[in-house]
Amino acid sequence: MFSSVTVISAVCLYVAFLFIIALWVEKGSKTGRKLARSPAVYSLALAVYCTSWTFYGSVGKAASSGMLFLTIYLGPTMAIVLWWFVLRKLVRLKTINRTTSIADFISSRYGKSQSLAAIATMLALIGTTPYIALQLKAVNTTFSIITGSGSAPDSWIQSNVGPIVVVLMALFTIVFGVRKLDPTERHEGMVTALAVECVVKLFAFMAAGIFVTYFMYDGFGDIFTRLSASPFKDLLKTDGSDVRTYMIWSTYLLISMSAILFLPRQFHVAVVENSNENHIKTAVWMFPLYMLLINIFVVPIAAGGLLKGYSVQQADTFVLSLPLNHGPSILAMLVFIGGFSAATGMIMVSSMTTSTMMTNHLFLPVIERIKVLAPLRRHLLKVRWFGVIAILFIGYAFQKLIGDSHTLVNMGIISFVAVLQFAPPIIGGLFWRKAGKAGALLGLSSGFFMWCYTMLLPSFARSGWLPDGFLDYGPFGINYLKPESLFGLTGVDPLVHTVFWTMFFNIGLYILGSLFAEKSKNEVNLANDFVDIMEFDSAVISRGKESACIKLEEKLTSLTDLLGQYLTAEEAGNIINKSLIKAGIKDEKIITIADLAQLTSEAENFLSGFIGAAAAHQAFSQSGLITKREKRELSEMYAEILADMSVSPEEIQKKIDYYKDRDMLMARQSAELERKVKERTRDLEAAAELGHAANSILDPEKLRQQVVDMIQERFGLYYVGLYLLDDTREWALLHAYSTETVKVIMKSRYRTKIGEGIIGESIANARASVADDTGNNKTQLSTPDLPDTRSEIALPLRIHDIIVGAIDLRSSKFNAFNKDNLPVFQTLTDQIAMALNNAQLYNTVEGELTERRRTETELEEAYSNLKLFRDLINQSHEAIYVCEPATARFLDVNNAACKMLGYSEEEFLKMKVIDIQSALPDSYSWEMHVETLKEKESSFIEGEHKRKDGSTLPVEVSINYILRGKKDYIVAVARDITSRQKAEKRIEEAYAELKSTQSQMLQREKMASVGQLAAGVAHEINNPMGYISSNLNTLNKYTANLLKFIEAQSKIIESSQYEECRREINALRKELKLDYITEDLEGLIIESLDGAERVKVIVQNLKSFSRIDEAECKLADINECIDSTLNIVWNELKYKASVQKDYGELPPVKCYPQQLNQVIMNLLVNAGHSIEKEGEIIIKTWNGDKTIKVSISDNGCGIPEDKIGRIFEPFFTTKEIGEGTGLGLSICYDIVKKHNGDITVESNPGEGTTFTIQLPVVSTI
Amino acid sequence: MKKLKSVLEHYEFHVLLFILCIIMFFSPLFILSDFSTPGPILLSFFIPWALIIAILYFTGQSYSKRDTSRHPDKAGRGTDV
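Chains as they are written, first to last, in our numbering: chain P, 1356 to 2616; chain R, 22 to 102.
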């Protein structure tokens, strides 16, 4: 459910939308937009036929009477089959007769009868009232349903929805359709709005149908299956055996066939609003298609509602109530709007056209008769508005009083039968020549009466307005006159009964009245015009030139044939040509009857010159050049003219004689005038030619002389002189004169003072001065250089009201210059002045143009250069900035700058230089920078620019200060040096690497040299040491033997008796310390041997360390390598540290033993260096997982944490300069890595350092 | 095709079409009087109706763009009615 305000608002919005469309179309039609004139709009507008009756009533009818509802649309389809011949005729007649309504049409056909128009208007008004009531009822009912008020409205709006709707409808109708007074203008906006409404209602109905069919049920099949199984299974069934069925069916078809064209609104849309007959070609299929589409879902909706349990009485509103109760609210609103559209369209058009009829055919005749009402003539538009409101309120009253007792459909049927009464006079009027006014009056009146009696009054009776007895017993108890069984006709449906009797009386009296009543000539002519209307070319008619409708080409063909019978083709052509010119229709294609008469009259006059007047007249009379109809029209035209003049034949004759005499006098005068005019024309032509010729000369000097010569020649003058004012404007100088007359002119004539003489006077007074030489003239026209002067005129030369000079004309005739030819000379003078001005201007302009062309050429070149320069700048890979020194704002940048920093050109122009500069020092100042630039004019800096994404870009910038006139600029060229910096960095790194490699190579070379030296020294020492070892061994043996002998000798001496000898030997033994020597000798030899052995070992180790013969990769025992290296460096370590060895069982490792020895040596040496006084070095080896590990630990000073990460860097050292190269550990690192091993370090400052080397067991070096 | 188009332009064809409409729109009344199912009943009206519309469409297309006015002197062509 929706609130009343919501519904009213939705309605108002929808109508506003339609109004906007109508306004847009009407405004567009003035500018050539032809939307409203499209056949589709015309065809859709015809669907105004589908009103609320269709939208709601069809479902109601289907639910109660089955398929009978369909006749309302099948009937029109049948009628439309004949539309090409019926409707087209109506449209053509409408165009010619400017028909405004159906009543107007009927009246036009039957002698413009006011009474017939009045009866038709009454019938239309009364017939339309139930239909309007039907629409209002539908709107009220559906409004109640959608707002849920039902029969108990609970708001002011709901209680008064009826009057509110009426007021709104009246407003809409006036706004859309009755804004202007002349109803013959087509309401293109209203028609387009109608078409839109029809689309909306079709869409809404189909939406409701689709919802019911496919969302409430499962399609057509499901609905029909359920219907077949329900109590309503015979809903659509027809009883083909009952005659009543056929009668009712036929009746419905008949009344709908007439309604499609003769309902006032249908007539208005189909006939009055038709802009082109060809639109009917589209309407004949599009409109029936529309009706078919809008009826597809009628049965499913009716069946759907019944199956849902709704009663048949509610069927009129199934279309709305089913979506409202079972579907989305928006669909219900759409359906309501669709129903509203259906009602609005009908009400608008019907009330508009009915109001027009009422105004034209009821009200105006009354005004004409009642003088008191005469002032209302000026307020017809307001009268029409009042008519609209009255019609709507009558409709509302009908709905209130009678509507509740009828369903929607039945109310519509009443109107259908009413308009059926129009069918006989209209169809008869179109096709039956003998149809007359009397027949139409009788037929229409009787049909109207019978309709009232058999249909309208019973409706009133059922509503309680008339006593029931009226229906049951007839008026005054006359059974035979019972309204629903008239003249004893019983057993038929009331509708059939009404249609039968109305048509019986209508058609019957129409035919009888037409046949028996006398017809006036006018009626006969009208009848022929209406029946034969299709003989007129539609294009001619549609062009709207209703008075000019004769095709000249056809008449000329006939005329040529006629004249060709007496003359040659050339003579005939000449006569025709002259006749066309004389008739003034030379270039026309379509002519009026008067033009035709004139043409034939002129041609007859010319022909009479050849064959005589009588013969010519006879020939033309018999030629049929002017058809009977045309003659009649001509007669009528003349008769009208005479009638308007209100004169008697005698008076006409007097007037004719009077005008004949006057004509002769005027002919004489015109001949004289003609002569003078010719003369004047000749002069003017000459003046015009001169002026034209003068204007073609653009050289001022040449122009002046040419002008003077031409005037003299063309006008036969004695002398012509041209004077122009000087700069002081006090003198007029002679610039040109006719040299034919005088070769040498008097000097006094070269200039003349302003105000003196005839020339000076003409300039001073700004008007022509004329003088004739009568002998007494003080101007003394005759002069020595111009003795034959008899008359003279001086005319001022005027340019834009400024006198610039004068022309002096002299003639040798008296009175050569008079008021007759003065205008000619004045005109000539003005033209000459203009020509002089033009020539002067031309020279000025040409000079300026030349200068401009030169400037343009220079500009083009400059522009081209600028463009080239611009292109070059944009193609540069370097960023170029131009900025304003005063504000530091960017004035221009090139593409490279945009690309480099990521800003667009527009963004740059909003920025300042400082916005892109990065890492500026605090002391930076733009002004100081500019001042510096002004002094130096250029500078070169490296810095960074900020990109749009926040990143920085290293650039080197060349900045120049440029002064151009008063404007100064700073132009900066920035080059991205990222790649250069990267290259520099790479070079630095490469250099470092190179240095490292070089140092490593040097180290290796050194080591190689050391190795070589060691090997050499070892080799040289080895040999002597070999001798020493060998001799010491021999000495040891000798010493052992010698000591043995000495000991044996000592024993013998001790055992000897020779005490003296014993004492001397013992004293000598003591003196020589033989005992000590004996004891020490062995030790010495052993120590010497030991020393020699040590030297041997050292040499061996040295050789082993250098391994000069072992530079290849081979399996080596790491423990042995450590030992040999340890021996080498022991001398350096023994004073500072003790060495603890903890070797594990290691498998041989494939390696470069020399290089590994170098590593171990470096580590041992470093360990030694780290110990200041006394310490310990622990060497440990063990097996890992397919690796062997060697650790060398010391308890030295350790390595600080901030340096430990850099110790393997080349040239990094913690030692003083000169104490270490910083390459040792770097080389160790490289060597270990070369062995696919790893070297790590752990250190605690103050506690010591441990280096751990890990080598793979199977080296893949 | 031209012959068909020229036939379609004659008013007699339209009269014939009118008679056909009468037949098509009346015949379901007695043909389907024994039918109670809604489907065939509906189709019996809508299909002929659609057929008539189709014929009207082709008829509309076949009309010449300009109305050829019938000059009274051109005997034999006949007038509208």
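Rather than coming from a laboratory, the hints here were simulated on the basis of the structure. These numbers were taken from a predicted model, which means no experiment stands behind them. Keep in mind that a hint or two might mislead.
To give an idea of the interface, some chain R residues facing chain P are shown, with a C-beta separation under 7 Å as derived from the structure [stated by the list, open to error]: (1) I62; (2) L63; (3) F66.
In this text, a Cβ means the ideal position worked out from N, Cα and C, and glycines have one as well.
Going through the hints against the structure:
{"no.": "1", "hint": "I62", "verdict": "5 Å, holds"}
{"no.": "2", "hint": "L63", "verdict": "6 Å, holds"}
{"no.": "3", "hint": "F66", "verdict": "6 Å, holds"}
The structure agrees with every numbered hint stated previously.
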